[in-house]
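Please take these sequences and the hints and turn them into a complete structure.
Number of protein chains: 2
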Amino acid sequence: MNVPDRNTLKQTLKQRRQNLAEKFSDKALFWSGCAPSRNFPANTFPFRASSHFLYFAELPLKNAAIELDNGKLTLFMDNPSPESILWGGQKPSRDKIAEEIGADAAYPVSDLANYNASAATIAVPNPITYQQQCEYLQREIPEPSQAQGKDLDLIQAVIGLRLSHDESAIAQIRQAAGVSMEAHQTGMKATAPGKTEAEIRAAMESVIMAHNQTCAYGSIVTVHGEVLHNEAYHHTLQSGELVLADVGAESPGGWVSDITRTWPVNGQFSATQRELYDLVLAAHDACIEAVAPGVEYQDIHWKAAAVITEGLVELGILQGNVSDLLANDAHALFFPHGVGHLLGLDVHDMEDLGDLAGYAPGRQRSRRFGLGNLRLDRALQIGMTVTIEPGFYQVPTILNDPETREQYQNMINWERLAQFSDVRGIRIEDDVLVTGDGAEVLTSSLPCECKTIEEIVNARQI
Amino acid sequence: MNVPDRNTLKQTLKQRRQNLAEKFSDKALFWSGCAPSRNFPANTFPFRASSHFLYFAELPLKNAAIELDNGKLTLFMDNPSPESILWGGQKPSRDKIAEEIGADAAYPVSDLANYNASAATIAVPNPITYQQQCEYLQREIPEPSQAQGKDLDLIQAVIGLRLSHDESAIAQIRQAAGVSMEAHQTGMKATAPGKTEAEIRAAMESVIMAHNQTCAYGSIVTVHGEVLHNEAYHHTLQSGELVLADVGAESPGGWVSDITRTWPVNGQFSATQRELYDLVLAAHDACIEAVAPGVEYQDIHWKAAAVITEGLVELGILQGNVSDLLANDAHALFFPHGVGHLLGLDVHDMEDLGDLAGYAPGRQRSRRFGLGNLRLDRALQIGMTVTIEPGFYQVPTILNDPETREQYQNMINWERLAQFSDVRGIRIEDDVLVTGDGAEVLTSSLPCECKTIEEIVNARQI
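Here the protein sequences come in this chain order: V and D. Mind the numbering: the first sequence is residues 1 to 462 in my numbering, read in order. Mind the numbering: the second sequence is residues 1 to 462 in my numbering, read in order.
27 angstroms max Cα-Cα, derived DSS-like pairs, lysine-lysine: (1) D:Lys62 x D:Lys27; (2) V:Lys451 x V:Lys189; (3) D:Lys72 x D:Lys62; (4) V:Lys62 x V:Lys96; (5) D:Lys14 x D:Lys150; (6) D:Lys27 x D:Lys14; (7) V:Lys91 x D:Lys195; (8) V:Lys189 x D:Lys189; (9) V:Lys195 x D:Lys189; (10) D:Lys91 x V:Lys195; (11) D:Lys10 x D:Lys96; (12) V:Lys189 x D:Lys195; (13) D:Lys62 x D:Lys96; (14) V:Lys72 x V:Lys14; (15) V:Lys96 x V:Lys27.
Covered stretches of chain V (chain D as the covering partner; in silico rule of three or more C-beta atoms under 8 angstroms from a C-beta of chain D): (16) 48–55; (17) 86–97; (18) 217–225; (19) 340–348; (20) 396–408.
Treat the hints as calculated values from the structure; they're not laboratory data. Quick reminder that beta carbons are idealized off the backbone N, C-alpha and C, glycines included.
So this is what it looks like as C-alpha cells:
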C-alpha cells in the first residue's frame, strides 16, 4: 500500500504545523481519544483517533495528546506498560513515536497535570476524553459549535487548513477510493436473486477488510434505498429490485471515501428503472461538470435539483413550470437530501464542529424542505474534496403525507408516478477533488467506474 | 435463522422477570444505552444494547429503559420521530414493542424525569447513558464493583440468574457458535502462503456478516499468536508459520460464542508444531472431560496447567518434578492466561461487574503469575457456559526477562526450547455448556470440528 514514507510524513506534518502557526499564534492542544467500550470495559469498539489529532500527528495513537506552539510539536503519551505488551504485543516507545512524527519534545501523559499553559483546544466527541480535556485544562471546554475566544480562533484556523487537502491527504483519499470501488464491483458481482442484503454487504466489506482498511461509516446495502441511512440487512433480494449500496473505505491514516452505486438484482434495469437511473446519472454528471474553484456549492445543489426537476417533468411525474416547481421544492419530495458534503478525515468532514466547517461564516441552514439538509454551503476552492450524490427516492412518509399530497396535488401526476413503483431509491455518489482545471473524480481508479447502465450490466455479468 | 418466535420470547422474558422477583423484591431499572460516536456525533459505532437490558428485554432498543417490579415490566422509550423515519425508515412504535416484550405499561423516556421511585440499577459502561442514569435517579450511581445496598443486591440477583442459561439463551449461543465454526472453516480454506492476516480475517468475518450476525469481540487473526490479544492484521503469511484465529459471532439478541483455532499456513504441521499442538489439544480435552456440575473451575484451570506441564517435561522443555514446577508456576511462562471464562451475553460474561460474577463471594484474584489472569473461580453449575481455551505461547517479554530466566534457569531447558521456535502461539478454544451429564461442547455443530491435526489438515485441503 502507498503509505507515505517516514520522511514524507514528517515533512507533511511539519508543513501542516507551519500552516497552523500562520493562522493561529497561541498554543493548541489536541487529544487523540480512546476506544469506547462496547458492553464491558475490556471489550471496546475499534479505536478511531480524533480527526483533528490525526491531521497533525497522522498516527492513530491511543490516549495521546499533542501541543502545537508556533510550529513546535510536543507529544504527550505513555510508554507501553508490561501488561499491555503481554496482551497487545511490543509497541513503539514514546521517543520512537516522537521521532517518527517529528516532535520537538515528548513527555508522559501525566505531565499534562502540570500543564498550566492556557492552550486552546477542540472538544473530542468522546465523553471520557472530553472529561480529561476539562480536567487537564482546568476549565469547561465548550462544545465546538459554542466555542468562543481562542478556542473558536483555533477551530477557524483548523477549518482553514482542513478545507483544502495537501498531496499526502489526497493520496490517501485516492487509496481509500480505490479500495471502495473494488468493494462496489465485488458487491455487484456477488448480487443475485435469493441472496440477502447481509451477504452483499459481507462481500463488499470483506474487500475493505482484506486491504486492511476500515469502513469509514456504517454501510448501507439495501433494496430499500428509500430509507436514506438504512442500517438493516435482513431482506432477501428479489428479481426486479434495485440494490443501493453506500459503502466507503478509510485509509490507515484515517482518510476516507464515500461511494454509492445502485444496481439491479437480476442484472437488468427495467424500462422505468432505466429512465430514473439515467436521470440521476445526468444530474450527477452535470454537477461534476459544474465543479470548479470559486463555484458556490449550493449552486451545484440547485443544479442537481434543476436536472432532476426537468427530467421528472419530461417523464410526466412532475407537471408545471420547472422554475415554479423548484421554487416550491417539488424536487425535494424525491430528492430530500443535499447533493453532498465535505470529505476528508471524516465522511462528513469536520461535522464535529457543527456547521462551522460546512457553512461559510455568516451563513446558516435554510429552513426549506430539502435544502435544510444541505451540509455544505461554501464557495469551492482548490484542494477541497466533496461528494456529489444526487438521488431519486420514493419515501412513503413523504409521499403519503396528507398535507404534502394536498400541497403538491397539482404538481404531481400520481398515476404516472405509480408506474415507477419498481424504483424505491437510486443514488449515485462520487468523491470529487476541486482542481485548478475544475474537478477530478477520485473514485474512478478502476478501469471501469461501474456507473453507466452499460458498465453496471457488464460488471454484474463478469 | 432460529430466532425465537414471539410467544416463546414473551414467555422467556416473563420467566426471567419472575426469577428476578424471587431474588430481588425492590424495583429495578435497566438502561439500554446508545451508540457512541466514532469521530463525529452522527457517525456512530454500531449500537450494542447493554447486556443486562438485553437479558430482560431481548430486543436491542436504542435509548430505552425498563423497570422491573416484582414481575411487572414497564417500558420507557420514545416513538420514532419523523426525522428518524426519513433517515432510518419506519420503526415499530412504543406500544408495538411493549406488546412484543410483554410489557405491562409503556411511557415516553421523558417520563423518567417524574420517576421518583428509588429503584436500584446497574451502571452502564457508556458515559452518556451513565449520566442519564444519575440524572433520572438523582443520585451518583456507583461503579458496579463499588455497589452497595440495593444496587449490590440487584447485581447479585442478576448474577444469580445470568450464571445459568435458559433454553432460549442456549439456542442463541448455539446459533452464534455454528456461524463461528463456519467462519473458522472458511478461514482455514482461505489460508495460503503469501496472503495477509487481513485477508484471512476478511474471509472469516464476512461469514459472520453474511449471516447477519456481528463479531462478539475484536477478532484475533495472526501469525503472532504469542501476542495474546493481537489487534493487527498486517503480516504476510509465510510457509511454516501457524495462524491463530480467535473469532466469535454474536446472535441478533446479543448471545455470543468465542472460538479459537490454530492451523498451519502451508497446510501441514511441522514435527515440533505437531508435538505442541497435540499437547494443547490434550489439555483442552482433559479440561472438557472434567467439566461437570459442582466442579471448581479453578481445578479445571489447574488440570490444564498439569497436562501442559507434564507434556513439556516429556518434551524436555521443562525439567524437574511436575508438582514442583506447578507450584513454581513454570507452566505460566508458556500459558500465562486463565483456562477460560463465563460466556453469555458478553464474551467475558458480566465482566462489566468486575469480578463479582466471575469470582464466588469471598474469593478474589490470586497474585500468582498466570493464576492472577483467571477470570472465573466458581463451582460449575448446570446451564453455565464457559470457554475452555488452554494454550502454549513463547512470549518474548516473558521468556527474555532476565529475572525470569534466572528464576527458572534450572527448570527450563533453553536449548531444547529453541528447537520449537516455529511455535509462537497455539490456542484451542471451545464453548462448553455444563449439563447434568457433564458437558456439552456447543462449538461442534459442523460435521467436522476442525480441531484435531487430521481434521485441520483436511479442512485446509477442501
